[in-house]
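Engineer: Take a look at the letters that make up each chain.
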Amino acid sequence: MSFTAFVDGPFWYFSATVFLIGVLWRLVGMLSMGSKPDFSTPRKSGTAAAIGINLTRFFPRADFWSRIRLQVVAGYLFHLGLFALLFFAAPHIEFYREYITGFGWTALPEWAFILVSEIAFLGLMLLILHRMLNPVTRAISDRGDYIGSLLIFLVMLTGCLALARSHEVLRVTHFFLAELLLIYFPFSALMHTFTFPFSRGFMGAHYGRRGVNV
Amino acid sequence: MSFFGPRGSGWQLSTLLLAGLLLFIPLPATAQEKAPTSPITVPNPATDLWRAVRQREGAAAGQTQVRGVETGVLIEQRGEAFREYRRRDFIGNAGIFIGVIAGLVLLFYILRGRINIPGGRSGRRVKRFADFERTLHWFTAIVFIFLALTGLTLLFGRFVVLPVFGAEAFGVIASACKEGHNLFGPLFLVAVVLLFIRFAWRNLPSRGDLTWLAKGGGIVGKAHVSAGFFNAGEKIWFWSVILLGIAVSVSGLVLIFPILGQSREIMQLALMVHGIAAVIFIAGSFGHIYIGTIGTEGSLESMTTGYVDENWAEAHHDRWHAEVMAQPGRSADRSGADTTGTMRTTADKA
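Quick note, the sequences are listed as chains A and B, same order.
All residue numbers in the first sequence are consecutive under the numbering used here, ending with 728.
All residue numbers in the second sequence are consecutive under the numbering used here, ending with 1202.
Treat each hint with caution, since some may be false.
Which bits of chain B does chain A cover? Going by a derived footprint, with three or more residues having C-beta under 8 Å, they are [unchecked claim]:
{"hint": "1", "stretch": "979-986"}
{"hint": "2", "stretch": "990-996"}
{"hint": "3", "stretch": "1016-1027"}
{"hint": "4", "stretch": "1037-1049"}
Hint data in this document are derived by calculation from the structure and do not stem from the laboratory.
What you are looking at is a predicted structure, and each value in this text was computed from that prediction instead of being measured.
Heads up, the beta-carbon is just placed ideally off N, CA and C, and yes, glycines get one too.
The shape of chain A in the complex, shown without the other chains:
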C-alpha cells in the first residue's frame, strides 16, 4: 500500500475514530463528574450567571485591556480565520462532501479564502510568539501547548503550500498532518474548542449563586 493510499484510507479512518471517541470520552467524563450539592440559599440564579458569563467572556474586561490586547486581537484573528478556513474553504467543503456529509455548501470566493488564510496565520503566529516571549505565558505553557500550536501551524502551512493543487504529494502531506492533529486533539488543551462553554458555565454558576459579579 502506498503512503498516499494509507493516508487517504486506513489512517484517515483511524484518526477520525480516535478524534470522535476521544472527544466524546472526555466530554462525557467531564460532565459525569457533576458537582457537590450546594445547600446554601442562592443569592442569584446560577443558570443566568452561567449563560451570562459565557457571553461576557467574549469581551475582555476594561481593567485588563491594555495588558492583554495583543492576545485578544490575535486570538480573534486566529480563531475566526481558522473557523472560516475549516468550514468555508472550497477544498475543505469538497472534502467534507466526499468523506463525511455527502453534501456541500457555498464556499468562500478565492479572494476571501486567501484573506482569511492571511488573517488566521497572522493571529496564530502572534499568539505563538507571545506565548514564547511573554514571561508569564512562557511560565504557564507546557510542552503540550507548543506541540498543539506547532501542529496547527504546520497543518495550515502545508495547506497553503498545497493551494495550487497541482502536486499530490503536497496534498497528502497536508492531509497526513491534519490526521496527526486529529489524533492529538482529544489529549491536549485543544479540547478547549468543546469545553470552553462548560468551564465558563461552571464558573459562572458557582460564583453567580454566591452573588459574585462575574
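Could you slot chain B onto chain A? The hints should help.
Structural biologist: Below, chain B alone, put in the same frame as chain A:
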C-alpha cells in the same frame, strides 16, 4: 531555279518554319547555367503567419473573445526579451551580489571578531524592548526569512535545486514555494506597517547621528561612539526595512494580482523592483543578523528576553542608559543583582 519552285518549295518552306519554331523552344539546362535568370518566387503563407504572430515589428493586437490586457497578442517579443535578460543577467548578478555581501560579513567577523561588553557583564539588567515589540520583531523576522527562502528558491531554483533534486521534485518545491510566497507576502506588509507605527518615532534623526556615522559606529578605531536608544546605523537599517519593505510589498501585490488591469510594462517593472529590492534586503539582513547575534555580545538577549546588561547599554547606547539611570526609583533597583521587571523605561512607556 526559283526558291519557291514547284519541286523544292515544300521542303525549303518546312525548313524555314522549323528554324523559326526552334527560336521559341526553351533552352536546355546547360545553356541556362550560362545565362542565369531571376528565380520564381512562391509565397509561403506560413511564413507570413508566424511573422505576424511574433510581431517583430511591434505588437499589434488581434481579435479575441477574452477580455483583458494584451489578450489579443499571441507572442509578445518584448516579454521574451525581458525573460532572457532576467535569466541571463539579473539572476547571475543577484547571486554574485548576495555572495559578495555574505563573504564581506564573514571577512569582517574573521578580522574584527566578536565585540564583547566592555568591562564584562554587570549582573544588572535594563529593560530595552516591550513584549509586543519583541513579538513584532520576531513575527517580521520569521515572515521575512520564509519569504527570503521561498523567493531565493524561485529565483535560483532552476540553477541550484533542479540539478540536485531533479525535475519532478523541483516542480513540487517550486509550486509550494510560489504558493507560500504569495500567501505570506501580504503578511510582511502588515509587519512593516506595524513596525513603522511602533518604532518610527524612536528612529527619527537626532543629535550625534552624524558623528556616529563619521566614526563608522566605532568600527574605525576602538573609540566609544555616543548614541541614544537607537544609533545611526540602526536607524538606517530601520528606514531601509521600511522603504525596501514597501517596495517589495507593493511590487509583490502588483505581481500577485495581475487582474487589476496593469500592463506588461508595469508587471515587468514590478518584477525588477521586487527582485532588486529583495536582493538588497536579503544582503542587508546578513549585516543585521550578524551584529545582532554573534557580532556583538549581549545584543540578542534584548530581543529574546527584552533586557540587556547595564554595561552593554552604557557601552553601545550611553545617552539612553543615562536616561534610564536618571529615572526615579532607579537607584533602588540597582541595589539588587537583577532588576528584571522593576524598571519603567522608554520601552514600557512606548
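Engineer: Which numbered hints are broken by the structure, listed smallest first?
Structural biologist: Hint check: nothing fails, all pass.
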